[in-house]
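Peer 1: Numbering (the numbering used here), first residue to last: 25 to 219.
Please keep in mind that the hints were generated in silico from the structure rather than gathered at the bench. Cβ atoms here follow ideal geometry from the backbone N, Cα and C, with glycine treated the same way. Just so you know, not all the hints are guaranteed correct.
[Said to hold, decoys possible] In silico DSSO-like links for lysine-lysine, alpha-carbon gap of 30 Å or less:
hint, residue 1, residue 2
1, LYS50, LYS37
2, LYS63, LYS37
3, LYS66, LYS37
4, LYS50, LYS63
[To be verified] If you anchor each label on the Cβ, the simulated ranges turn out as follows:
hint, residue 1, residue 2, range
5, ARG69, ALA178, 27 to 35 Å
6, LEU134, ARG45, 53 to 61 Å
7, LEU112, ALA71, 21 to 29 Å
8, GLY193, GLU72, 44 to 52 Å
9, ARG28, GLN135, 46 to 54 Å
10, GLY52, CYS127, 44 to 52 Å
11, ARG79, THR26, 28 to 36 Å
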Amino acid sequence: MTPRLPALSATSKDVRAYISRTLVTKLGTSPDIAEETAKLWKDGRGAELYDFTERSFRALFGEQTGWSLFRIVHEEKVQDWKQSIVGLISSFTMFGALTVTICLILRILLQCTSKAAFPYGFKKVGLPLFQASLVLGLSMINYGLQTPSFNSDAILVGGMMISFPTVFGVYLCSLPEVIRDEEGNSLGYALVAPS
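Based on the provided sequences and hints, a complete structural model is requested.
Peer 2: In structure tokens, the structure reads:
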């Protein structure tokens, strides 16, 4: 799908055409007023439009028009990112990891309710859950860092809150088990292989 915003290398003329078209199509401004408003954009290229802050939009185009243009540009920036290859991979990775984590949680809950709950111990059952949770947390951090959305900070913090405890869980589950003989004497260490 074609990007909604002008390219980062777009000329100031292209940016003015985009602003004028946006004012007419999204805000219902008359073409003459839209053209005059777009002329306020003097020298900036597409990259400057992409990085323009709310304050900058309001200072250049006025309070109401500046706010509206900022909101529209930001929404289109998010939509362009979501349809890019990086956005699609980030989204599918995060939702895939969430699905796997939920399935593993359900598996553990089913094993807890069965009569043979944890025949191999929690380490064998818990390690895949911690690994999937770690992938979920890291994919949330990646999504939060890359998305230009307003809620990216919440996703980033959520990913950190999931990742840090699960790193500890993966570490605990991967510690070697002490092998003991029938009398309780230590014979050495062995890693419990996950199923």
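Peer 1: Could you check the hint for me, namely that ARG28 and GLN135 are 46 to 54 Å apart, CB to CB?
Peer 2: holds (48 Å)
Peer 1: Tell me if the beta carbons of LEU134 and ARG45 are separated by a distance inside 53 to 61 Å.
Peer 2: Since LEU134 and ARG45 have Cβ atoms about 56 Å apart, the given range 53 to 61 Å holds.
Peer 1: Quickly compare the C-alpha distance for LYS63 and LYS37 to 30 Å and report which way the hint goes.
Peer 2: Measuring from Cα to Cα gives roughly 9 Å; hence the hint holds.
Peer 1: Decide if the proposed pair is consistent with the structure: LYS50 and LYS63, CA atoms, cutoff 30 Å inclusive.
Peer 2: holds (18 Å)
Peer 1: The hint says 27 to 35 Å between ARG69 and ALA178; measuring C-beta to C-beta, is that right?
Peer 2: holds (31 Å)
Peer 1: Indicate whether the distance between the beta carbons of GLY193 and GLU72 respects the range 44 to 52 Å.
Peer 2: holds (46 Å)
Peer 1: With respect to the beta-carbon atoms only, verify the hint that LEU112 and ALA71 lie 21 to 29 Å apart.
Peer 2: holds (23 Å)
Peer 1: Okay, ARG79 versus THR26 on CB: inside 28 to 36 Å?
Peer 2: With Cβ atoms ~29 Å apart, the hint holds.
Peer 1: LYS50 and LYS37: Cα distance at most 30 Å?
Peer 2: Holds, at roughly 20 Å.
Peer 1: Does the Cβ distance between GLY52 and CYS127 fall inside 44 to 52 Å?
Peer 2: holds (48 Å)
Peer 1: So if I understand the rule, the pair passes when the alpha-carbon distance is 30 Å or less; does LYS66 with LYS37 pass?
Peer 2: holds (9 Å)
Violated hints for the displayed structure: none, as all numbered hints are satisfied.
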